[in-house]
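Asks: One-letter residues, chain by chain:
2 protein chains.
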Amino acid sequence: MAPEAVLETRPARSGRAEAPALRLSQRAGEMQASPLRKLAAIAEERKKKGIRVYHLNIGQPDLPTPPVVFETIRSLNLNTLAYAPSNGMPESLSAWQRYLEAKGIKVDQKEIVVTSGGSEAIIFAMCAICDAGDELIVFEPFYTNYNGFATIANVTLRPVPLDIANGFHLPPADVIEQYITPRTRGFLFCNPSNPTGTVYSRGEVAGLVSLAQKHNLFLLSDEVYREFAYEGVSHSVMSFPEVADRAILLDSTSKRFNVCGARIGALVSHNPEVVQSAFKFGMARLSVATVEQLALVPLLNSPEQYTRPIAEEFRRRRDLVYGGLGQIEGVTFYKPEGAFYIVIGLPVADAEHFARWLIEEYEYEKETVLLAPAQGFYATPGKGLNEVRLAFMLNRESLQRSLLIIKEALKAYSRNKRSDS
Amino acid sequence: MAPEAVLETRPARSGRAEAPALRLSQRAGEMQASPLRKLAAIAEERKKKGIRVYHLNIGQPDLPTPPVVFETIRSLNLNTLAYAPSNGMPESLSAWQRYLEAKGIKVDQKEIVVTSGGSEAIIFAMCAICDAGDELIVFEPFYTNYNGFATIANVTLRPVPLDIANGFHLPPADVIEQYITPRTRGFLFCNPSNPTGTVYSRGEVAGLVSLAQKHNLFLLSDEVYREFAYEGVSHSVMSFPEVADRAILLDSTSKRFNVCGARIGALVSHNPEVVQSAFKFGMARLSVATVEQLALVPLLNSPEQYTRPIAEEFRRRRDLVYGGLGQIEGVTFYKPEGAFYIVIGLPVADAEHFARWLIEEYEYEKETVLLAPAQGFYATPGKGLNEVRLAFMLNRESLQRSLLIIKEALKAYSRNKRSDS
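Chains A and B, in that order, are what the protein sequence lines are. Here the first sequence is numbered in this note's numbering, starting from 205 and rising by one per residue. Here the second sequence is numbered in this note's numbering, starting from 205 and rising by one per residue.
Every clue listed holds true.
Partial chain A-side listing against chain B, Cβ under 10 Å, derived:
(1) 229
(2) 237
(3) 348
(4) 356
(5) 450
(6) 481
Derived from the structure by calculation, the hints contain no laboratory data. All values derive from a computational prediction rather than experimental measurement. Ideal Cβ placement from N, Cα and C applies to all residues, glycine included.
Input sequences plus hints: build the corresponding full structure.
Replies: Written as structure tokens, this is what we have:
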């Protein structure tokens with residue numbers, strides 16, 4: 205870097221009469237605020253007016269955290285909160301290994317990097333395989349925060365549209381193949397899926413595996429809802445030995461153990477270069493919170509006893525919502541096979557307008573519902589306009605009540621519209 | 205995005221006889237492993253052979269964490285580890301505000317985003333103001349992890365060389381100005397400085413402030429060593445009202461409270477767009493660990509009682525090291541005004557070779573020292589070749605012993621070299 209060479213380019217700027225306006229980066233401008241929060245402020249205003257609001261919009265589990273977490277925290281005998289090793293504390297790595305083994309995924313501790321939530325695992329994976337402008341294929345609707353991670357990592361997401369008519373399952377390989385470009389570096393998919401609740405069949409994952417081999421791509425598999433598969437099982441990308449070199453498992457304890465606030469996730473791969481790269485990105489941020497790494501060890505060491513009751517409760521809620529949606533006229537839906545979400549089509553032209561009206565104006569016996577317009581889960585403009593995501597974060601009584609309110613609201617909305625026109 | 209248009213570009217890849225090798229990103233390749241860890245593995249081997257190793261290489265404080273942190277953790281009454289708000293829990297935001305006010309920095313709670321360590325604050329600031337390929341000016345030698353953050357955020361660091369002869373203080377404005385290009389978006393500086401221990405005078409910070417105004421740049425001020433200023437005081441970028449729009453304070457609790465493993469930092473700015481942008485990047489990763497946000501509230505609420513004894517101990521160590529270095533022939537050094545580091549010049553051609561020899565072969569009464577070669581703190585090739593960084597993380601007796609070993613080692617190394625030639 206020669207300062208002389210730099211000087212040549214300076215007069216252009218210095219020569220301007222006025223300094224240019226102080227501006228943020230383009231990516232700061234592109235960064236969308238979480239669409240899930242758009243209507244939350246309105247909901248708070250409504251509550252102040254004595255209206256009860258059922259929150260079907262958020263993914264924060266309502267069930268308690270297993271008490272063993274707090275017992276562990278209270279019993280920790282630490283003198284110093286020291287930096288943990290950048291790839292994770294030995295206790296946490298060992299517990300992750302045991303957890304994965306219990307799920308049929310055999311990995312060495314050296315193949316794991318403990319991360320600050322699944323979020324950081326996704327950012328590290330993006331940085332490990334993509335340079336600025338490289339592309340990852342996602343399946344739309346997709347977890348909206350993938351947009352944020354892509355913005356941070358300067359990665360372009362190319363969405364393959366899915367269809368509510370087949371429960372948002374994957375299209376055939378030749379359709380997916382059309383979205384592969386010379387800049388494509390991999391697939392990023394969530395299985396079971398947030399926001400659709402879809403669980404990909406073994407054949408569907410095998411299809412992605414074949415495409416990854418044929419086109420030399422990585423497979424970034426976000427499996428944080430692994431335990432929430434109510435029809436069949438969820439197939440880990442790690443169960444395909446033929447892609448051991450290109451499979452990257454992105455995982456998190458948040459949902460399956462109800463420990464969202466602990467921020468403990470992991471990146472796992474049999475490809476030593478990928479793991480080494482994640483380790484190096486990890487070195488830059490030094491370490492993940494010590495207390496939480498230790499606090500979750502008991503959960504990871506014997507997961508079933510903690511995840512089974514949680515998954516069973518969500519299955520009951522899924523059944524209730526699935527049954528209840530059948531009672532609402534004009535709604536398009538399917539049976540979500542996993543996770544604790546469903547994207548449904550409403551008999552309205554603009555679901556965001558409906559959701560806003562619902563929370564701003566509507567009430568049914570002093571109650572209303574907060575929905576997440578699905579538009580925010582799509583990258584392609586104009587997609588998902590009549591869809592909303594429901595999250596099953598309320599007890600069954602409240603869910604039942606919420607469905608009744610939606611049913612009545614749709615009738616009222618339709619009447620309003622007719623009288624408007 | 206039209207799949208048709210994409211198809212046109214595909215044959216070039218599909219037409220190849222063999223799939224290209226599965227490769228990681230260029231930035232994954234550029235990402236350096238922490239230079240501080242290079243020699244650590246050798247040190248472990250040496251210890252197994254019965255040699256005592258004094259670690260002068262690392263920045264992990266040896267002092268205990270204030271017990272109130274663990275008392276707070278034990279007394280937390282939580283049922284659910286829920287996601288915290290993405291900008292920070294109200295308790296933490298309020299405590300940060302009080303802490304900053306105690307330091308003479310008046311900000312609104314809305315001007316603070318709690319981050320996962322100072323590391324995340326730096327990444328968010330980089331993303332908020334830089335697009336891929338944009339540049340930040342740093343002062344060399346600089347905190348080596350800035351490289352990692354820049355790689356993640358796709359930002360180019362342009363180092364302005366500093367001089368050990370004036371204790372690594374800043375050069376005049378016209379010299380710094382030569383490094384500004386049309387891609388320059390701001391200055392990133394650490395004050396008091398890791399790795400040099402330099403505390404910039406009010407005039408030096410004012411010089412950067414003027415340059416930032418003149419060239420319309422942001423000021424990213426890493427002030428995590430604020431309390432460790434032994435000569436005069438450290439001047440916060442927030443104490444210059446004329447750059448309220450362009451000053452971004454990057455902060456962390458790690459060093460000043462000895463809570464490195466808690467991973468609690470903050471990004472602070474009077475520029476609402478910067479804060480909003482950091483908030484949005486924060487939304488993508490959802491939240492910072494709940495337990496630690498709450499656990500550090502007592503420290504931030506009344507900082508002096510915790511930071512003063514720590515800073516006093518480091519000042520005593522600084523005095524001891526400064527005095528001791530005067531006893532070692534041929535060493536170039538200066539009086540570090542802050543932090544708990546010093547970069548010194550050794551009378552050797554290659555400090556990394558010396559450091560490796562010291563840890564691999566040398567012993568003085570069954571003891572040796574692990575040093576951090578300063579080369580890793582420079583970006584310009586060939587810079588800092590004869591320098592090492594010392595961290596004052598040992599008690600005074602051990603520091604004294606370490607200096608004696610370095611003194612004897614330099615004599616032996618010099619004798620070896622003569623007998624070699």
